[in-house]
Structure formats: structure tokens, C-alpha cells
Amino acid sequence: MAVKLSYREYFKEDALPLMWCSGCGNGILLRAITDSLADLQIPPHQVVVSTGIGCWGKADDYMKTHAFHGSHGRALAFGTGIKLGNPDLHVIALMGDGDALAIGGNHFIHSARRNIDITAVVSNNFNYGMTGGQYSPTTPLSSKTTTSPIGVAEPAFDVCGLSEQCGANYVARTTAYHVTQMKRMITAAIQKKGFSVVEVLNTCPTHFGRRNIAGDPVSVMQYLKDITVNKSRYEKMDEEEKAKYLVTGELVNKDRPDFLSVYRELNPAASETGRGESK
Amino acid sequence: MPYELISGCQAAAIAVQRAGVDLVAAYPITPQTAIVETLANFEAKGELGGEFVSVESEYSALSCCNGAVAAGARVFTATSSHGLAYMHEMIQWCSGARFPIVMVNVNRAVGAPWVLDPDQGDSLSQRDTGWMQIYCANAQEVFDTVLQAFMLSEELLLPSLVVFDGFYISHTYEPVDVPEVEKVREFIGPPQFQAQVEPGVQANLHGLSKGETQLQLVRRRHEDMLRAPQVFTAINEKFYRVFGRSYKTVDATIPEGSKTAFLAAGSTAETVKWFLPELKGCGLIQLRMFRPFPGDELGRIVEEQGLERLIIVDRNCSTGTGGYFAQEVRAALYGLTVRPVIQDLLLAGGIDLTKDILAGAAEKSPGDKLVDQEWGVELK
Numbered sequence: 001m002a003v004k005l006s007y008r009e010y011f012k013e014d015a016l017p018l019m020w021c022s023g024c025g026n027g028i029l030l031r032a033i034t035d036s037l038a039d040l041q042i043p044p045h046q047v048v049v050s051t052g053i054g055c056w057g058k059a060d061d062y063m064k065t066h067a068f069h070g071s072h073g074r075a076l077a078f079g080t081g082i083k084l085g086n087p088d089l090h091v092i093a094l095m096g097d098g099d100a101l102a103i104g105g106n107h108f109i110h111s112a113r114r115n116i117d118i119t120a121v122v123s124n125n126f127n128y129g130m131t132g133g134q135y136s137p138t139t140p141l142s143s144k145t146t147t148s149p150i151g152v153a154e155p156a157f158d159v160c161g162l163s164e165q166c167g168a169n170y171v172a173r174t175t176a177y178h179v180t181q182m183k184r185m186i187t188a189a190i191q192k193k194g195f196s197v198v199e200v201l202n203t204c205p206t207h208f209g210r211r212n213i214a215g216d217p218v219s220v221m222q223y224l225k226d227i228t229v230n231k232s233r234y235e236k237m238d239e240e241e242k243a244k245y246l247v248t249g250e251l252v253n254k255d256r257p258d259f260l261s262v263y264r265e266l267n268p269a270a271s272e273t274g275r276g277e278s279k
Numbered sequence: 001m002p003y004e005l006i007s008g009c010q011a012a013a014i015a016v017q018r019a020g021v022d023l024v025a026a027y028p029i030t031p032q033t034a035i036v037e038t039l040a041n042f043e044a045k046g047e048l049g050g051e052f053v054s055v056e057s058e059y060s061a062l063s064c065c066n067g068a069v070a071a072g073a074r075v076f077t078a079t080s081s082h083g084l085a086y087m088h089e090m091i092q093w094c095s096g097a098r099f100p101i102v103m104v105n106v107n108r109a110v111g112a113p114w115v116l117d118p119d120q121g122d123s124l125s126q127r128d129t130g131w132m133q134i135y136c137a138n139a140q141e142v143f144d145t146v147l148q149a150f151m152l153s154e155e156l157l158l159p160s161l162v163v164f165d166g167f168y169i170s171h172t173y174e175p176v177d178v179p180e181v182e183k184v185r186e187f188i189g190p191p192q193f194q195a196q197v198e199p200g201v202q203a204n205l206h207g208l209s210k211g212e213t214q215l216q217l218v219r220r221r222h223e224d225m226l227r228a229p230q231v232f233t234a235i236n237e238k239f240y241r242v243f244g245r246s247y248k249t250v251d252a253t254i255p256e257g258s259k260t261a262f263l264a265a266g267s268t269a270e271t272v273k274w275f276l277p278e279l280k281g282c283g284l285i286q287l288r289m290f291r292p293f294p295g296d297e298l299g300r301i302v303e304e305q306g307l308e309r310l311i312i313v314d315r316n317c318s319t320g321t322g323g324y325f326a327q328e329v330r331a332a333l334y335g336l337t338v339r340p341v342i343q344d345l346l347l348a349g350g351i352d353l354t355k356d357i358l359a360g361a362a363e364k365s366p367g368d369k370l371v372d373q374e375w376g377v378e379l380k
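Chains A and B supply the protein sequences, listed in that same order.
Heads up: the first sequence is residues 1 to 279, going by this note's numbering.
Heads up: the second sequence is residues 1 to 380, going by this note's numbering.
Be careful, since some hints might not be right.
[Claimed, not checked] No more than 35 Å apart at the CA atoms, straight line, and that leaves these computed lysine-lysine pairs for DSBU-like:
id	chain 1	residue 1	chain 2	residue 2
1	A	Lys244	A	Lys64
2	A	Lys144	B	Lys183
3	B	Lys45	A	Lys144
4	B	Lys45	A	Lys225
5	B	Lys259	B	Lys183
6	A	Lys254	A	Lys225
7	A	Lys244	B	Lys45
8	A	Lys64	A	Lys242
9	A	Lys244	A	Lys225
10	A	Lys244	A	Lys193
11	B	Lys355	B	Lys259
[As the list claims (entries may be wrong)] Sample of chain B residues at the chain A side, in silico, Cβ under 8 Å:
id	residue
12	Thr33
13	Ala44
14	Ser54
Derived from the structure by calculation, the hints contain no laboratory data.
Even glycine gets a Cβ: it sits at the ideal position worked out from N, Cα and C.
Sequences and hints are given; from them, build the entire structure.
Take a look at the structure:
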């Protein structure tokens, strides 16, 4: 019987220390992903991590899976190619809020519409952390950033609502504070056939935190706890109260046929010549 | 004089604020971000004179600028590396549309792999897109050139790319003479071009055109750009009278009797200039304007000084051909009766240009290829 894989088989310990600031939740998220892969016992060489640019885009540096480091915003575009090139591979796209929703927004909505079998893990820290804390498409209205010193005049994207409306099969929201839930969701998302999105609300004490909450790790973690409420409680709230919170939990879990299944049904001849499952 | 200790990025941003713009649309990218952050701060204090918007990509930023110019606004944006590459389609749209947009590009290499080195290939690879390109060697040149670029662009109805090196110029602090806003605005004046879309007059811009029209448009754009050195010189004469500084399209510092000169653009020119007293028998030609290429002026300098050898400092590489500057210089000097030997010091990426590298190149024979030398850099 094969030896059970631990998270260490997916994580490059020799690459420590992590480049992220102290108090950043990306390390927690990285551990949850490697734990999920270990739980599912997917061999590391069958996993491709596709990333773009940003703090969270550096995550592939710490993973022993395959890593495709792409340009800003294109993790899903590269990932689509990888998945179609060899459907046997598990593709996990790691994107920050700017990467996924701003410059890569088009790829994001079309991946969901197409329902390509990719797991998107969006680390949403409410700003562009790597370039020094500018406002992004998920920065809450009126928050202060280096490009909005008196407050941002644009409302934030609801990442999960957008994913749902565009057709993703699995959509869930959690935070860097809710570690157990985070791991459960990532495991479910990897198992789901079709496009799955896990939005992880994350801390950025250095930039967003310092300008809007506080610069210390505990305060930003507390903030994530304070601004969220789980689905069961959320559903009992009236509209006025709902507006004060971001809902966490599994928000969509359905089984619309994924892109490759539909494609193969329509065009079986094309698939027979391809690689992967059809060989 | 009101000198301030500022970075290259701040110099660019303050110049934009001094000039006065209606709109800045941008997307953050290292090492340019400090420019748009500084402009966002001016806007927050109500000192920008216009609006600042951080849009969803560089493509959107330049598209937004295009629209704003059509509506009569003076606009500015800044980018680097992948940002500039991503704008490539819109870059050509705006020169074809004859929009006088001013953009700063802070040099940074383009991936893969992910890279931060101040390679010049990002801007040089945009040489055929109809933008004027001016390279700055220090923060004062950045400040002055950004101001002048608004005038140059608005006079010729062509966009300008003001270029300087990432980190070496963008992030280092230098004393810069920063004139008062009133003095600059009086000098530059309000936008010198007409709105194309405005209430009351119906406009239909950039629709399908036929071959002959296109030929005419491209020729006119080309001929107008060829006037840039002359307009640049006129702007600098005027600039000198008000601010006491002026620049040439190509500048030469050739010690008496020197028959060899380094040719460099951007911060590498400043480095060569600094080491010139120790590089016996060598001079410097600083290239500021790259588009249009000031070939006539360069030829005149080479002939007048009787230069026999040019060492071209290329912090870039057009794969398969070599350095961009070396290519352009060879083409420009081809018509001379006596041509100098041209050697390409190919330093793609961002290694520090040291005195040893320069002296090593100068010591080589004119027939030698300047590659894989003993830079003290291990090339694997």
C-alpha cells in the first residue's frame, strides 16, 4: 500500500521563510491548500498551480507541485490551456483580488461561464499589496489606500456573487481567521468538476490594515471576524442588517456539466485524438 | 531656486501637477507606482487640477486617456514593462488618432521570467508605434522633459513617451529644481488642441478608412514626427529663457583629441559621464530623443569630431539582432563618407554599469566583439 502523503510533500520547506509580511494570512491559506491536497492524496506531479502577479501570486514559489507562473491577471487563461492540454492534471489558479478581478476580470467571468474544471483560490486582501497598497476592485467603498488618500469612490465587487451569476459550479467564501472552514472548502472545490471559486478574505496589516483598521496582525484578523457572518445566521437577517456583513460559507454547490464534458459530447471525434483521459 | 530632494518618480509626478492635467488614468506597476501615488495625493489635496482614476488594467488606462483627449482633456498616464506591453494595441490607436497624450515609462524588463531589472527593451520595442520617445538621464531631466513633452505633443499632435530607468532613476533621490506651479502653468498654457467630441457638433471618429486615406494619414504622421527635433529645439530655447536649462536631442561631451565615444541613453549616460575623466581618450554621446531618431544630428557630431569608434551602451537586446541603439546608430550613420567602427556593449537586463565594464570595453580593439567579457559577472 502506498505511503500516505503529508502536506510536506506539497510544500517547499527549504524555501522558508515566506516573503509575506508578518500578519499576512497567505501562509495560513498556503497551509490549507497543501493540507487539502494531502487529504485528497493527489500526487504532487498531477497538480499544476497557475499564478499571476501579486503577493499571493508568489505562492507557487513555495509549492512542490508543478508551478506555472504567468503574467498579471492571466492565471485562469494559462490554466485553461493547461487543463485542455492535459485534462488529467488538477489545475489550481492562485490569484489575488487585483489579479483575478481587475486586470484578469475578463478571464474570471468567462472561466465561470465556460465552467472549465479549474479551482480558483482568490486571496482577497482588499488592495494591491505588492505594489504598496493601491485600491483594487474589492477595496470597500470609501476606504483609504495610497491611490485614494481621502477614500475610494468605487463600490467593491462581490466576488462570490459575480462567480455565481457567471455560472461557477462551486462558490464559497471564508476568511484567514476561519482555518478549518477554509480547508474544508478548498478540499470540496478541488473535488468539484467544473469551475470552483473559494474567496478567502485576507489580512494586509502593512497596507490596507494600517490605513483602515490597524497595522497589527491581531486587529486585522479581528476585522475579518467582525465583518463576516456565516450563511445560516445571514439568512435570518433582514436586508438592512445583511448589508453590514459579508456572508461566509458554501454559497453555490451544483453540478452543471463542465466545459470538457459538454465539448466531448458535442464533438467526440475531436476528443479521441487528445491527451489525458481520452487516451 | 526652489530645490527639492526627490526621486525620479516624484519628479515626473510633480511635473505633471505643475503642468496641470484634466485626467490621470493609471494602473499600479513597479517601479512606476510612486508616480501615480504622488498624483493621487495631489488630487486628494485638490492640487492636481483634474481627476485621478485607477482603472482595471493598463489597457483600460490608455483607452481612458484616448477618450478623454477626444473630449478635449489634457491627460497623463505612467506605466512600466508589462503594462506598456499590454497597452501595445492602444498605443498605436492613439498615435493613429493623433492624440497628444504624455506617458512616462519607467524601464523594467519584460518576462518571462518575472523580472524587475531596468532593461530598456520595454520602451524600445515600442519604437515603431508612432510615439515620440525621449530618454532621461537624471531626475532633473525627468522633470523638465515631462513638462516639455506636453508642449511637443500638443504642437505636433503626436503622443510622447518620456522614459527613464527603473530604480536607478525612479527610486533614487536627487536635488531637483522644482519651479512654482504658476510659473510653469504660465509657460505651458492651457491645452493647445481642440476637443473632437463635444455637445452641439456631431463627430464620427476613426471609422473604416480606405487605402489612399490610410496612406495619406501615415505619411502625414511620419512627416509631422520628423519635425520633432526642430520643435524640441524651439521649446528648449524658450525653456532656457524662463528656467535656465535646455537640452539637445543628442548631446556630446568629447574631450580634445578623443576619437572614441560611448553612446548611451538614460541613466547609463549619466554613469559614463561620471567616469569620463577616468576613461582616457573617450567621450560621451548622450542620446535623448530616440523617436524620431536624430540621425542627422548624430552624423554631424561624428563628422565634426572625427570620431573613429563608437561603443554603444545597450541595456537591452533585440533577440537575433543585438542592441536597439546599435542598430539605429548603424542605420543612421550608413550614409557617412567615413563611418566609425560601431561596437555594441550588450548589457541586457540590469547589471550595474561599473567603471571596470566601461574601461574593459574601451581597452578592447575596434575589431573585437564586446560580448562575454570579464565584467565580474558570472554568465551561466
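Cross-check of the supplied hints:
1. A:Lys244 with A:Lys64: violated (40 Å)
2. A:Lys144 with B:Lys183: Roughly 33 Å between the alpha carbons, so the hint for A:Lys144 and B:Lys183 holds.
3. B:Lys45 with A:Lys144: This hinted pair holds, its Cα atoms lying about 14 Å apart.
4. B:Lys45 with A:Lys225: holds (34 Å)
5. B:Lys259 with B:Lys183: Outside the cut-off at roughly 43 Å; violated.
6. A:Lys254 with A:Lys225: holds (27 Å)
7. A:Lys244 with B:Lys45: holds (30 Å)
8. A:Lys64 with A:Lys242: violated (41 Å)
9. A:Lys244 with A:Lys225: Distance of about 13 Å is within 35 Å: holds.
10. A:Lys244 with A:Lys193: holds (33 Å)
11. B:Lys355 with B:Lys259: holds (19 Å)
12. Thr33: Hint on B:Thr33: holds, closest Cβ of chain A at ~5 Å, below 8 Å.
13. Ala44: holds (4 Å)
14. Ser54: Hint on B:Ser54: holds, closest Cβ of chain A at ~5 Å, below 8 Å.
Comparing the model with each numbered hint stated earlier shows that hints 1, 5, 8 do not hold.
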